[in-house]
Structure formats: structure tokens, C-alpha cells
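Listed in order, the protein sequences are those of chains A and B.
Numbering-wise (numbering that gives the first Met the number 0), the first sequence opens with residue 0 and increments by one.
Numbering-wise (numbering that gives the first Met the number 0), the second sequence opens with residue 0 and increments by one.
For the record, the hints were derived by calculation from the structure and aren't laboratory data.
As the structure is a computational prediction, the values presented were derived from the model and not from experiment.
Warning: the hint list may mix true and false statements.
[To be verified] So these bits of chain B aren't anywhere near chain A, every CB distance computed over 10 Å:
(1) V49
(2) H80
(3) E152
(4) S163
(5) C200
(6) A228
(7) G238
(8) L243
(9) D334
[Unchecked claim] Some residues of chain B that are not near chain A, with every Cβ distance over 10 Å (derived):
(10) L4
(11) L30
(12) G46
(13) E51
(14) I74
(15) A101
(16) A107
(17) R135
(18) I161
(19) D191
(20) S214
(21) Y216
(22) E232
(23) R285
(24) T337
[What the hints assert, rightly or not] Label-pair distances were calculated between CB atoms; the ranges are:
(25) A194(A) x Q71(B): 33 to 43 Å
(26) G55(A) x D334(B): 15 to 25 Å
(27) T57(A) x K215(B): 50 to 60 Å
(28) S332(B) x L1(A): 44 to 54 Å
(29) V165(B) x T221(A): 18 to 28 Å
Cβ coordinates follow ideal geometry from the N, Cα and C atoms, glycine included.
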Amino acid sequence: MLVLALDTATPAVTAGVVELTPDSPPRLLAQRVTVNSKAHGELLTPHAQEALAEAGHTLADLDAIVCGSGPGPFTGLRVGLVTAAALGQALNRPVYPVPTPDAIALDAATGKPLLVATDARRKEVYWAVYDAAGRRTDGPHVDRPADLVAKLPAVADAAGEGAEIYADVLNLPVVQARYPSPVSLVAAAADELLAGARPAALTPLYLRRPDAVEPVGRKRVTKA
Amino acid sequence: MTDRLILGIESSCDETGVGIVRLGPDGSMELLADEVASSVEEHARFGGVVPEVASRAHLEAMVPTMRRAVEQAGITLRDVHSIAVTAGPGLAGALLVGVSAAKAYAAALDKPLYGVNHLAGHVAADTLQHGPLPKRCLALLVSGGHSQLLLVEGLAERITEIGSTVDDAAGEAYDKVARLLDLPYPGGPPIDKLAKQGNGCAIAFPRGLTGPRDSKYDFSFSGLKTSVARWVEKQERAGEEIPLADVAASFQEAVADVLTAKAIRACKDLAIDTLVISGGVAANSRLSGLAAERCAEAGIELRVPRPRLCTDNGAMIAALGAHLVAANAKPSSLDLSTTPGLPVGTIQIL
Numbered sequence: 000m001l002v003l004a005l006d007t008a009t010p011a012v013t014a015g016v017v018e019l020t021p022d023s024p025p026r027l028l029a030q031r032v033t034v035n036s037k038a039h040g041e042l043l044t045p046h047a048q049e050a051l052a053e054a055g056h057t058l059a060d061l062d063a064i065v066c067g068s069g070p071g072p073f074t075g076l077r078v079g080l081v082t083a084a085a086l087g088q089a090l091n092r093p094v095y096p097v098p099t100p101d102a103i104a105l106d107a108a109t110g111k112p113l114l115v116a117t118d119a120r121r122k123e124v125y126w127a128v129y130d131a132a133g134r135r136t137d138g139p140h141v142d143r144p145a146d147l148v149a150k151l152p153a154v155a156d157a158a159g160e161g162a163e164i165y166a167d168v169l170n171l172p173v174v175q176a177r178y179p180s181p182v183s184l185v186a187a188a189a190d191e192l193l194a195g196a197r198p199a200a201l202t203p204l205y206l207r208r209p210d211a212v213e214p215v216g217r218k219r220v221t222k223a
Numbered sequence: 000m001t002d003r004l005i006l007g008i009e010s011s012c013d014e015t016g017v018g019i020v021r022l023g024p025d026g027s028m029e030l031l032a033d034e035v036a037s038s039v040e041e042h043a044r045f046g047g048v049v050p051e052v053a054s055r056a057h058l059e060a061m062v063p064t065m066r067r068a069v070e071q072a073g074i075t076l077r078d079v080h081s082i083a084v085t086a087g088p089g090l091a092g093a094l095l096v097g098v099s100a101a102k103a104y105a106a107a108l109d110k111p112l113y114g115v116n117h118l119a120g121h122v123a124a125d126t127l128q129h130g131p132l133p134k135r136c137l138a139l140l141v142s143g144g145h146s147q148l149l150l151v152e153g154l155a156e157r158i159t160e161i162g163s164t165v166d167d168a169a170g171e172a173y174d175k176v177a178r179l180l181d182l183p184y185p186g187g188p189p190i191d192k193l194a195k196q197g198n199g200c201a202i203a204f205p206r207g208l209t210g211p212r213d214s215k216y217d218f219s220f221s222g223l224k225t226s227v228a229r230w231v232e233k234q235e236r237a238g239e240e241i242p243l244a245d246v247a248a249s250f251q252e253a254v255a256d257v258l259t260a261k262a263i264r265a266c267k268d269l270a271i272d273t274l275v276i277s278g279g280v281a282a283n284s285r286l287s288g289l290a291a292e293r294c295a296e297a298g299i300e301l302r303v304p305r306p307r308l309c310t311d312n313g314a315m316i317a318a319l320g321a322h323l324v325a326a327n328a329k330p331s332s333l334d335l336s337t338t339p340g341l342p343v344g345t346i347q348i349l
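Input sequences plus hints: build the corresponding full structure.
Shown next as C-alpha cells:
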């Protein structure tokens with residue numbers, strides 16, 4: 000089956016076309032990835048079209064769509080999810096959400112317990128922990144790196160851009176898997192895709208509430 | 000040439016709107032669907048629109064609102080000829096949800112995309128109710144985010160701002176005064192209702208920027224809001240009861256007086272005989288009432304779309320898209336950017 004993989008939960012604007020069959024690992028046909036945290040809205044749909052064109056396909060040929068559901072900075076994260084949702088609606092194809100760190104963990108594929116940390120800005124990271132078999136055992140959460148270290152179970156390595164930025168605090172060997180790849184996004188949803196399972200709701204993993212404070216009393220303009 | 004169906008998507012503030020307009024071969028327009036999901040109730044306790052709350056609501060509402068619009072119009076998405084979307088001005092994160100969705104719909108359906116100006120859309124809304132605009136007309140655009148006087152010389156051709164607020168938008172002043180009087184958000188409807196029981200001449204609140212050397216067509220509402228606050232606080236300090244209805248009516252009178260006086264003056268100066276009032280504040284009864292009186296005196300035709308078309312919606316974006324399609328405008332690129340501060344003179348972003 001032909002699957003479009005999208006992710007905008009990191010600075011990497013990611014679109015890839017992946018072939019998935021029951022008896023072999025997902026195979027990348029083409030991808031377009033631009034690392035620019037300000038360009039998700041501009042580039043995602045053109046990237047999807049370019050990747051499809053390179054693979055010799057159009058959107059109409061797709062069987063399903065997979066989209067990283069975060070956690071990630073909100074504005075970019077929403078671009079991927081609303082793009083995937085609208086494509087799914089217009090093409091009448093299922094859209095499967097995949098937590099973004101799950102894909103990064105598959106990319107890292109160390110066979111040992113792993114921390115995945117991505118940049119949450121504000122000096123914090125989004126993080127999740129995976130066991131030796133690659134199953135998520137904790138997270139995703141959002142914390143300052145020093146606070147994360149205090150709660151972190153024993154892991155051998157770390158992956159993701161957050162692990163690189165805060166390597167000095169985390170003090171773990173860094174595996175080169177900075178952003179989620181299209182193949183791993185599809186691999187993370189492979190069982191559901193192949194089974195034709197009913198997709199979960201496309202709910203973004205925000206992990207933080209909106210910054211907003213209710214006003215208390217009213218400001219006076221004259222001196223009491 | 001056959002009918003063309005134009006889809007409009009709006010997400011610049013707190014309403015997720017999808018509208019569908021049928022554009023006839025003769026340029027006629029018929030509104031087939033106008034679906035809006037509003038997050039206004041989620042913002043009420045904050046006393047104003049919280050951008051992140053609005054953006055989250057747009058993401059949740061986009062696909063369901065589209066589904067309802069398509070059902071309401073009795074079409075399928077495949078029947079759509081072109082897609083128009085608000086590309087600015089508006090809240091950055093909110094705009095991005097609508098534009099990203101519009102790109103995906105355009106790509107999936109293989110149809111042209113038009114990234115359009117929200118303010119021009121407000122003017123276009125009137126053509127859905129009252130038909131084509133004359134070659135030249137003036138538009139007074141008043142909402143929670145905007146207060147502008149526009150010279151409109153063709154919706155697809157040329158829109159020029161001749162005046163705008165130098166501080167708060169008119170609707171913003173309503174929200175702030177409503178808070179001062181312990182009225183709910185948004186402030187327009189409760190102030191309008193309360194004002195009906197009050198005397199608009201009771202308190203002489205200032206008319207901003209109406210001095211002989213002030214800018215002829217610009218507005219200022221910040222001083223008015225402060226003046227209302229001072230008056231109320233003075234009464235409170237003196238232990239006097241606040242005549243809420245009179246305060247509301249006098250505030251409302253000051254707003255309606257300045258807006259209509261400047262709009263009529265601009266019409267006269269520029270020899271224009273048609274005034275369109277649109278945007279959320281156009282639903283205000285005193286503004287439309289006073290405008291009707293003054294336009295009649297001056298021999299100016301007044302056009303105010305029904306309230307549903309005045310507030311933010313997708314139908315107005317579809318209408319503007321239809322004008323662009325009818326004028327054979329070039330579609331926008333799929334790497335279109337949103338522009339939160341888009342000037343009104345830029346009707347379309349390519």
C-alpha cells in the first residue's frame with residue numbers, strides 16, 4: 000500500500016511517500032524534508048506533492064496517510080495535523096496519528112533502553128522512554144532537562160534534537176536520530192495500516208495549556 | 000460556461016468558517032452554504048480572544064465545519080471549482096490552520112487556491128445579499144479587530160484605505176467598556192441592549208479625532224474608553240449610583256456619531272453615493288440606525304448586510320474568491336504564506 004507520511008512536530012517539515020507491504024519493512028519511495036521552524040505552513044503541502052511526483056504518483060494514488068501527532072511546538076504541529084485531516088477528508092482516505100517520539104525511537108533502533116527528547120523551547124524538552132524492544136514505557140512528557148534527569152529510568156542512549164541540545168545535562172550517549180523519518184512514521188503505524196484498523200482521533204499532543212490568565216478586577220484609570 | 004462552485008475558508012480570529020458560493024456564467028452569486036464554528040465562549044472568561052485557544056479550536060473545527068458546509072450545499076467536494084482562504088490579516092496561528100487546510104483541499108482536489116484578504120472579504124459579504132457593488136463605493140469596516148474606511152473600486156481590482164483607527168478598534172472599545180460596566184464579553188450586544196433603555200445625550204463623552212486639525216478619516220477609541228472609565232470611577236468615588244443604561248447609551252452614541260460622521264464626510268469629499276457598513280459592529284442597532292438617518296439626509300445609499308454576513312464567516316471569503324475567479328485572477332501558489340499584518344490594499348496574496 001502507498002502511504003504519505005507527514006510530520007511537523009519538530010523544525011523538520013517532513014513529507015515522504017512510503018510503500019508498505021505485509022511481508023517486508025516499509026520502503027521509502029521519495030521524501031522532502033526542510034529544517035525550518037518557521038516554514039511548516041508554506042512548505043508542507045508542496046513537499047508532499049514533490050515527493051509524490053518524484054515517486055511517480057499523485058495524491059489520488061494514496062491508500063492512507065500517517066501524521067506525527069507531537070508533542071511539538073503548537074503552531075507547527077497544527078499544520079501537519081490539519082493538512083493530514085483535510086487530505087484524508089478530501090481523498091476519503093484514513094489518517095493515522097503517530098506520536099512523533101515513537102518514530103524517532105524506531106529511527107534510533109539501538110536495541111537498548113532509550114530516551115527520546117525533542118526541543119520544546121522555553122528551555123524544556125518533550126521526552127519519552129522506550130525499552131530494549133522499542134516499546135514506549137514512559138511519556139511523552141514536557142520538563143526542564145534537569146528535572147527530567149531526576150525522574151529518568153535507566154536508559155543506555157538518547158535520541159532527538161533535545162538530546163543533542165541538552166547533552167551536557169542529560170549526560171547520555173547521543174544516537175543520530177534527530178527528527179522522525181517518513182519510514183519510521185509509517186513503521187510506527189504499520190500494524191494498524193495493514194489491518195485497515197479504524198484510525199484513532201487526530202488529537203495533537205500539546206502537553207501544555209494555553210498561556211492565558213483570567214483578568215482579576217479591573218484596572219483603574221484614576222487615582223483612588 | 001457553466002456554474003462554478005467557490006469554497007471559502009476563514010480562520011483569522013475566533014470563528015472557523017466555511018462558505019460555498021455558486022458563481023453563475025453571468026457573474027451572479029448564490030450562497031449555498033455558510034457554516035461557522037465559534038470559540039467565542041472559550042474566550043469569554045479571559046475578556047478577549049486568546050490566540051492559542053482560538054488556534055486549537057480551529058484545528059478541531061476545520062474538518063467538521065467543512066463536512067457540514069458540503070452537506071448544507073448538497074454538493075461533494077469534487078464539485079468545487081476553486082478554493083479561497085483568508086491569508087491575512089489576523090492572528091498568525093489561527094490563519095495558519097485555515098491556510099494549511101485550504102492548501103491540502105486544493106492539492107487533494109487539484110483545484111486552484113486563492114489566498115485572500117479578510118477585510119476585502121467583509122466588503123464582498125454585502126454582494127451576497129445586495130448584488131454587485133457600483134464602480135466606486137465607500138466601505139466602513141468595523142469589528143473587534145478593525146475600524147477602517149475603505150475606498151472600493153472593484154473587489155477584485157482596487158481597495159484603498161483612506162482612514163483607520165489609530166489605537167483601539169471600535170469593537171475592542173465595546174469589549175473594554177462592557178468589562179468596566181460588568182457586562183459580559185463580547186461587549187457589543189449587551190451594551191446595545193442596555194443602551195436602548197438609556198439616554199445617549201446624558202453624558203457628553205468625547206468624539207476622538209474630530210478637531211479641525213485632526214486626520215479627517217482616522218478614528219481613535221482609546222480616549223473614549225478611558226473617558227468612560229474616568230466618569231464611572233468619579234461617580235463611584237462620590238458614592239453615586241452608576242446610571243448604567245445612560246453610560247452605555249452615551250458611549251454608544253459617541254462611537255456611532257464618529258463612525259457615521261466620518262464615513263459620510265468621506266462619501267461627500269470623494270463624490271461617492273454608496274456606503275457599505277460591514278464587520279461585527281455593523282450589527283449594532285445605533286450604528287446602523289444613525290447611518291441610515293445620515294445617509295438619507297445626504298442622499299447616499301446605505302448597504303448593511305444581515306448580521307450573520309457581517310461577522311466573520313466563510314461565505315464572505317467564498318464571495319471574494321468568486322469575484323477573483325470572475326475577474327480571471329491568477330491563483331495563488333501552494334507555498335502561499337500567511338500575513339498577519341496584511342494591508343487592505345493587497346486583495347490577494349499570490
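- Task: Quick one: which hint numbers does this structure break? Sort them smallest to largest.
- Result: Hints 1, 6, 9, 12, 13, 15, 16, 22, 24, 28 contradicted; others consistent.
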